[in-house]
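> Below are the chains, spelled out letter by letter.
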Amino acid sequence: MFPPSFQNIIVGMKTSSIILLAIFLLLLITPGCSLLSESSENPSDQFTTIENKGSDTIVNLALAWAEEYQVINPNVRLSVTGGGSGTGIAALINGTVDIANASRRMKIEEKENAVANGSDPVEFVIARDAIAIIVHLENPVNNLTLQQLSDIYSGKINNWQELGGENRPIVRLSRETNSGTHVYFLEEVVRLGEKDNKTLFSPDTLLLPSSEGIGAEIRENPNAIGYDGLGYVTDEMKVIGVSAVDSKEYILPSAATVNSGKYPIARDLYMYTNGTPTGAIADYLDWILSEQAQEIVTELGFVPILD
Amino acid sequence: MKSSSHLRYKQQQFGFSLLTIMTFLTIIPIAGVVIYILVLGTPAISWEFIFGFPRGGMREGGIWPAIVGTFYLTLGTAAFAVPIGIGAAIYLSEYAPDNKATRLIRIAIINLAGIPSVVYGLFGLGLFVLFLQFGTSILAGSLTLSIMTLPVIISTTEEALKSVPQAFRTVSISVGATKWQTIRKIILPQALPGILTGVILGLERAAGETAPILFTVAAFFLPRLPSSPLDATMALPYHLFVISTQVPGMPIKIQYGTALVLLVFVLSMNIIATTIRSRARARRQW
Amino acid sequence: MDKNITRHESLITFFIKSTGYSAIVFVGMIFIFLLLEGLPAIQKVNLATLFSSRWYPIEDYFGLLPLIGGSLIITLGAILIAVPFGIGSAVYLSEIAPRWVRDLMKPFIEILGGLPSVVLGFLGMLILSPFLRKLLELPTGLTALTGSILLGGIAIPTVVSVAEDALDAVPKSFRDASLAIGATEWQTIWRVTLPAARSGVLTAIMLGVGRAIGETMTVMMVTGNAPILPKGINDLFSPVRTMTATIAAEMGEVASGSVHYHVLFLIGIVLFLISLIVNITASAVVFRQKKRQERILS
Chain H
1 MFPPSFQNII VGMKTSSIIL LAIFLLLLIT PGCSLLSESS ENPSDQFTTI
51 ENKGSDTIVN LALAWAEEYQ VINPNVRLSV TGGGSGTGIA ALINGTVDIA
101 NASRRMKIEE KENAVANGSD PVEFVIARDA IAIIVHLENP VNNLTLQQLS
151 DIYSGKINNW QELGGENRPI VRLSRETNSG THVYFLEEVV RLGEKDNKTL
201 FSPDTLLLPS SEGIGAEIRE NPNAIGYDGL GYVTDEMKVI GVSAVDSKEY
251 ILPSAATVNS GKYPIARDLY MYTNGTPTGA IADYLDWILS EQAQEIVTEL
301 GFVPILD
Chain P
308 MKSSSHLRYK QQQFGFSLLT IMTFLTIIPI AGVVIYILVL GTPAISWEFI
358 FGFPRGGMRE GGIWPAIVGT FYLTLGTAAF AVPIGIGAAI YLSEYAPDNK
408 ATRLIRIAII NLAGIPSVVY GLFGLGLFVL FLQFGTSILA GSLTLSIMTL
458 PVIISTTEEA LKSVPQAFRT VSISVGATKW QTIRKIILPQ ALPGILTGVI
508 LGLERAAGET APILFTVAAF FLPRLPSSPL DATMALPYHL FVISTQVPGM
558 PIKIQYGTAL VLLVFVLSMN IIATTIRSRA RARRQW
Chain R
594 MDKNITRHES LITFFIKSTG YSAIVFVGMI FIFLLLEGLP AIQKVNLATL
644 FSSRWYPIED YFGLLPLIGG SLIITLGAIL IAVPFGIGSA VYLSEIAPRW
694 VRDLMKPFIE ILGGLPSVVL GFLGMLILSP FLRKLLELPT GLTALTGSIL
744 LGGIAIPTVV SVAEDALDAV PKSFRDASLA IGATEWQTIW RVTLPAARSG
794 VLTAIMLGVG RAIGETMTVM MVTGNAPILP KGINDLFSPV RTMTATIAAE
844 MGEVASGSVH YHVLFLIGIV LFLISLIVNI TASAVVFRQK KRQERILS
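Residue numbers (this note's numbering), protein chains in the order written: chain H, 1 to 307; chain P, 308 to 593; chain R, 594 to 891.
Hint data in this document are derived by calculation from the structure and do not stem from the laboratory.
Since the model is a prediction, treat every value here as computed from it, not as a measurement.
Every residue, glycine too, gets a C-beta built ideally from N, C-alpha and C.
Fair warning: there could be bad hints in the mix.
Unchecked claim - Which chain P residues face chain H? A few, computed with CB under 10 Å, are given here:
1) Y402
2) A403
3) D538
Stated by the list, open to error - Distance condition first, Cα-Cα at most 20 Å in a straight line; then the derived SDA-like pairs of lysine to any residue:
4) R:K765 <-> R:Q780
5) P:K486 <-> R:Q780
6) P:K492 <-> R:K765
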């Protein structure tokens, strides 16, 4: 029934529109063909697919691991997605991913939620990370105490002058609230690690959807202060030395100061699986804890875990 | 009297120049955006950039998976939206009685067109990804995008069908053709350029949108092409969002290159659609 | 054979009729779905919280006012840009420009309407926001104003295209009559042509508003996303957080069924209702105009 009618349509058209139509259809069909040839060469049943999602802090590390691992193990396909620790954990609970990356421990509510949904998250510490306090290169301020940081982010200090800097308003940059880095920063810096401290971020804190968003604004804006995982720090921004609450020594973040416990704003990074992993997922996690994989950790500016 | 008409002439001259300047002030920045991306993006374009896979934490290599992903999403969107959209347009133009129900359909189409894209994303996440358990997949994304594109396809197709003169229908029916035969053999062929325009404009919108695919399809990094409609995929607009906001030390060249590919993809669809439409209008003999 | 044709025909007719109602089905589905997922938020969070001015979902502060205010102030800014420039360009193209300029420019502007919003956001972040910070000596360039300018740019093609159509549809006899009694072309434009096309122009504005308020990615990339309740026009120069950006930034996080999840759907309902009101107003204007035209013509 349909072919003759289609012919009618074509005959009814002028040549040039046919050419345009042909080009358009060709455009649409080309990738379709490449897909067919691709999938016929590599039937997908030979592959194990591991879905990996979560923390934006970890995403670039996970990406580097995934690339390297697929060179060693061509039969494993890894897909990596960011979105924030909460995103990954939610996806693990909803059963849409195999490994959730998190830059914080699972919350109690999340664990309850997981149990209620019939999943049993298992925790792995895969690397450590220091949260660097960063400002514009031209900012003369070098050191801040945790108390000062808390006062800046809760809105008590609003001008760089109060910290020995230039007369400039402070623009506070933070990650979005779904980021594990945000939660960690809230608990350990804004609230100084005190359990019953209910201080909040000042509402005019800019919530940027990503780590690189913070980096971009820091590079460009001399008023800004931000925090980011050490892996995101480049030499186009200045890292501030931080002193713990009861110390007078200002420490810059590095692998050494993190592992010695001197740098006060550092944390573990996690991967969660649903139940004790088996098969390809277990192999992958074993490899992540190997020396070879932990070297990549150092390359990306994170801190490798020490036995 | 004379001076007043002189004044009025001056006023008019002033007004005209003001509007001319305003028009150019409107067009220049928008055109500037295109040229700027063209200039900064072109150096990034190479065989490897288009057909290669991303490497080195996406800082090297190409964007082929994102291009393919966007093709599939466009294709999937077309598969759902084209039959439904054209069907609905035929109904409105050829069958629908002038009554309350039809007016309700029109209001629904207008509203569908106005719903913010991120609300489509919410809906797609809730219905397709979670409730129907398609997961984050091309299928879920295509369905979400196709509902979003429907109003564009319906309204342009209907316009095209309505521009076919009534006489064509009367003649066809009078020589004994059924209603459907008339539609298929007479009206659809005549309206084809207009329909194509509508379809392409609709798909163009689908190809360029990020918000609806944020929670329904998009993967940050997927070192392979999707092999089934239930796979997640990278997509150009989301890829640009990712590399411009989430990857540290991303070479600016790759960012502009990706923006350029997306721009060319979307604008060429738009230009094809506009060309088909204006040619058809110029050729129309009735 | 004949029977076959009839069966085939009735099948096709059935398909066409059912697709005809698809738009109603989809709008209904979307609305019902939003209600199902969004209304529980009203039970779980008390109204005083929803109408407070603090949005900090991880500590259960679900004040929607800063988000609604953020969307409104950005849209307002976008209108202030898109309306004069959009209508001005439409008047120029329809009434002043030579025919060939119009035939060249209008498709051009319509093509630019297809610029992906993420591309504009990308440039806004890299170029416009630093530029505005230095130019206006603001603490940061990630402000409502930056968002407004880009949204204005996104809305302009819609406004120009629809308003130009409306102006073009004003019968030539109107203009001729006005010119014949001695009015200048300028006076004719303002006193005759624009008023005659005003409902179409209003539709253009409303559709532009619709585009602006629903835009997501651009806004999320350039407005800083700080949930501050805007109190006056001065807040155009400070960061804001819109409803759309909030959904886009936070939806991925939430486990389905949590309070936060329901509140995000509630924001979806608010956005849906706003777009409903805007679009019904726009279309009501169109219907009224059609009726008036029919009256005049009959």
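> Now tell me, hint by hint, if it's right for this structure.
Okay, the hints, checked on the actual structure:
Taken as an interface hint, Y402 of chain P does not check out: its beta carbon lies about 19 Å from the nearest beta carbon of chain H, beyond 10 Å. Using the Cβ-Cβ criterion of 10 Å, the hint placing A403 of chain P at the interface with chain H is not satisfied: the shortest such distance is roughly 23 Å. With a least beta-carbon distance of about 9 Å to chain H, the hint placing D538 of chain P at the interface is held under the 10 Å criterion. For the proposed pair K765 of chain R and Q780 of chain R, the alpha carbon gap of about 15 Å is at most 20 Å, so the pair holds.
Between the alpha carbons of K486 of chain P and Q780 of chain R the distance comes to roughly 51 Å, so the proposed pair goes past 20 Å and is violated. The suggested pairing of K492 of chain P with K765 of chain R is violated, with an alpha-carbon distance near 37 Å, which exceeds 20 Å.
When held up to the earlier numbered hints, the structure conflicts with 1, 2, 5, 6 and fits the remainder.
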